[in-house]
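Chain by chain, the residues run as shown.
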Amino acid sequence: MTATATPTGHTGATKTMTMVAAINDALDIALAADDAVHIFGEDVGVMGGVFRATDGLQARYGEERVFDTPLAEAAIVGMGIGMGLAGLKPVAEIQFAGFLYPALDQILSHLGRYRHRTRSRYHLPMVIRAPYGGGVHTPEQHADSPEAILAHTPGVKVVIPSTPADAKGLLLSAINDPDPVFFFEAIKLYRSVKEDVPTGDYRVPIGKARMVTEGDDVTVICYGGMVEVAQKAAAAAAQVGIGVEVIDLRTLVPMDTDTVIASVAKTGRAVIVTEAPRTAGFHSEIAAVIAEEAIEHLRAPIVRVTGFDAPYPPFTAVEDVYRPNPLRVAKAIRQVMDY
Amino acid sequence: MVQCLAPDGSVVREDLLPDPETRLELYRQMRRARHFDERGWVLYRQGRLGVFPPFGGMEASQVGTAAALTKNDWLFPTYRDTGAALTLGLPIARTLAYWRTSPHGWHMPADLKVLPFYIPIATQYPQAVGAALAERRQGTRNVAMAFIGDGGSSEGDFHEALNFAGALNAPCVFILQNNGWAISVPTRTQTRATDLSRRADGYGIPGVRVDGNDALATYHVTREAVERARNGGGPTLIETVTYRVKPHTVADDPSRYRSEADTAGWDAKDPVTRLRTHLLNAGLMTEASEADLLAEIAAEFEAALAEADSYPEPTPAEILDHVFAEPTPQLKKQRAEILAEHAAPNQKEQA
Ligand SMILES: Cc1ncc(C[n+]2csc(CCOP(=O)(O)OP(=O)(O)O)c2C)c(N)n1
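So the protein sequences, as listed, match chains A and B.
To get the working numbering, take the position in the first sequence, counting from 1, and add 2.
To get the working numbering, take the position in the second sequence, counting from 1, and add 186.
Note that these hints are calculated values from the structure, not bench results.
Fair warning: this is a prediction, and the values are worked out from it, not measured in the lab.
For glycine and all other residues, C-beta sits at the position ideal for the given N, C-alpha and C.
Please note: incorrect hints may appear among the correct ones.
[What the hints assert, rightly or not] Residues from chain B that face chain A, not an exhaustive set, calculated with beta carbons under 10 Å:
id, residue
1, Ser288
2, Pro302
3, Ile305
4, Phe344
5, Val394
6, Arg395
7, Thr435
8, Asp438
9, Tyr443
10, Arg444
11, Pro502
12, Glu504
13, His508
14, Arg521
15, Glu523
[Said to hold, decoys possible] Taking lysine to any residue pairs in the SDA-like style, the calculated list, with each CA pair at most 20 Å apart, reads:
id, chain 1, residue 1, chain 2, residue 2
16, B, Lys519, A, Tyr103
17, A, Lys333, B, Lys519
18, B, Lys518, A, Ala312
19, A, Lys333, B, Arg521
20, B, Lys518, A, Asp311
21, B, Lys518, A, Arg280
22, B, Lys519, A, Asn327
23, B, Lys518, A, Arg330
24, B, Lys518, A, Val320
25, B, Lys519, A, Asp322
26, A, Lys333, B, Pro502
27, B, Lys519, A, Asp311
28, A, Lys333, B, Ala503
29, B, Lys518, A, Glu65
[Said to hold, decoys possible] Covered by chain B, per the in silico footprint, the following chain A stretches (three or more residues, Cβ under 8 Å):
id, stretch
30, 92-104
31, 141-149
Produce the entire structure from the sequences given, and follow the hints as far as they go.
The structure is reproduced here in structure tokens:
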């Protein structure tokens, strides 16, 4: 197993953490390192966030640097834009990605455009964190995967980690990035995995994919909550002798096309997995890139495994039908093998 | 702040008392709502209801307001307004189904203009303005009522809706339930304003502040607002001052953000007890007639629960239903995929 990206700042010491603890650790380090960093959003202060990602930070850094805002997403993002223009490093939380829509005007009209529309006189070192995705039986609208909307917005980077160590290293990179970064966190992963996470200010670079497993037969491209699903399918495929290369994109914008293309050139087969609706999702972008740059290597049509063109169902009894599971990914792997 | 009954149940505004029948009906509806809330907790613990936001302590704020509507009027409730929806006539079985995460909770009765509980905050407010205008364009005297919380009144949609409703003279009644909290955020952190009814001033519409734990008062002011709207007098904003005694949802732990002392004192303002004391003192109800009422309500609930239990579980392909009037070719293909996958359930184990 090789990591395409080389982490920086790693001291060698590690600590076992869940993803939410790793995110909390990254925010703690960022607040301690730079007075300009400010954290705000709904319930992030006293309560420490509905998922506890900001737990204890207000007590440690005070109410000026970690604060609860009134309930208004457009104002949270708009205010953050102003703070960023004026020299602070805003780290805003949108409580659930499905509730970022009131802020879309600020995001689509402004967040990504400042550097461009002021010829770099101003820039926006802002991070917006938002829990996203399904698999945990939430009510209506709490399980949306709107990453494609953000990825389609020029000037905004989009990062989606799938492990605790990546979450920490990528979040620190995002906070220190001079441009706006949207940081999606898969709710399903917050507490379901624990791993050794490097202590200290540890960075994972934005724009580098992670090779999760190596294999010669099929490339499976995924990110966030779908990585563990793809890993299970790859393990099942390995049992019947199919070598699957699972690539965790980590970053949608910018996308590490080199890693994807090199892998598809090797395997000749591509399966793309996301939990967003099928039509016009980021999976379609990945498929287009492969078609443009590696079509001569393809031995089978590209297959997308995705959610469906319906709102994410809040019906506990059948929720899991919507979200891709290892079986659906395994079927897609067989399909490209049997073509 | 408008008040009819003091917290101890004594009458402070004789002139505002609705007729005896209405007072009894308000009590009955509050009891139905409370019964739902109390049984809901038990059902949740038994795994027979999903996560739901309790509203115990806010019955007067929801029942007194919704009771001022007729079945021809519109109701736009938030997730916390089960009590309001039940009062207007949403069947208990459907309401249980909704909080059970069943699509049967989305099948709205044809004789009611009530929308499924709104989960995103504040989006219902501009929609109520539209429904109200549509009624007027179609020559009816029907009105639209929308609910929001103190937290929700910080959202842009709230302000845009109030402004539109005023500018367009829409027959709307806006209920702002100020229950003290938006999850962990107390109203004083939410806004520097201390009298949210005065937000109406900025939009040139009447604003009323009412004791939200006094069902007779909430009914009185809402009825006035509904009548004004029906008669072409335009919208009203009503702030019901109440308290969220219970956690934000059944899964929330309020000890992380508020102390027992914050909540102490609100039990003494309990809206159900307040009206009960009044009805007993006024001789409109006896302990015996109340016992009959409670037995009737319990029986109604159990029958509804049995009905909800009889609703079939959704089938896998149902998640794609009702996206368009005519499914797109893409949806048809996706439905076939779901049917193919779920036709062979044993394959699941192999993955
Ligand atoms: C647009 C949007 N943002 C955030 C949320 C998450 N959320 C659910 S309830 C809530 C607090 C609402 O408080 P309030 O409006 O006072 O109503 P209450 O819950 O007290 O009835 C929040 C922030 C949401 N549902 N919708």
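Original post:
Can you give the numbers of the hints that this structure goes against, from lowest to highest?
Top reply: The structure breaks hints 5, 6, 16 and 29; every other hint is satisfied.
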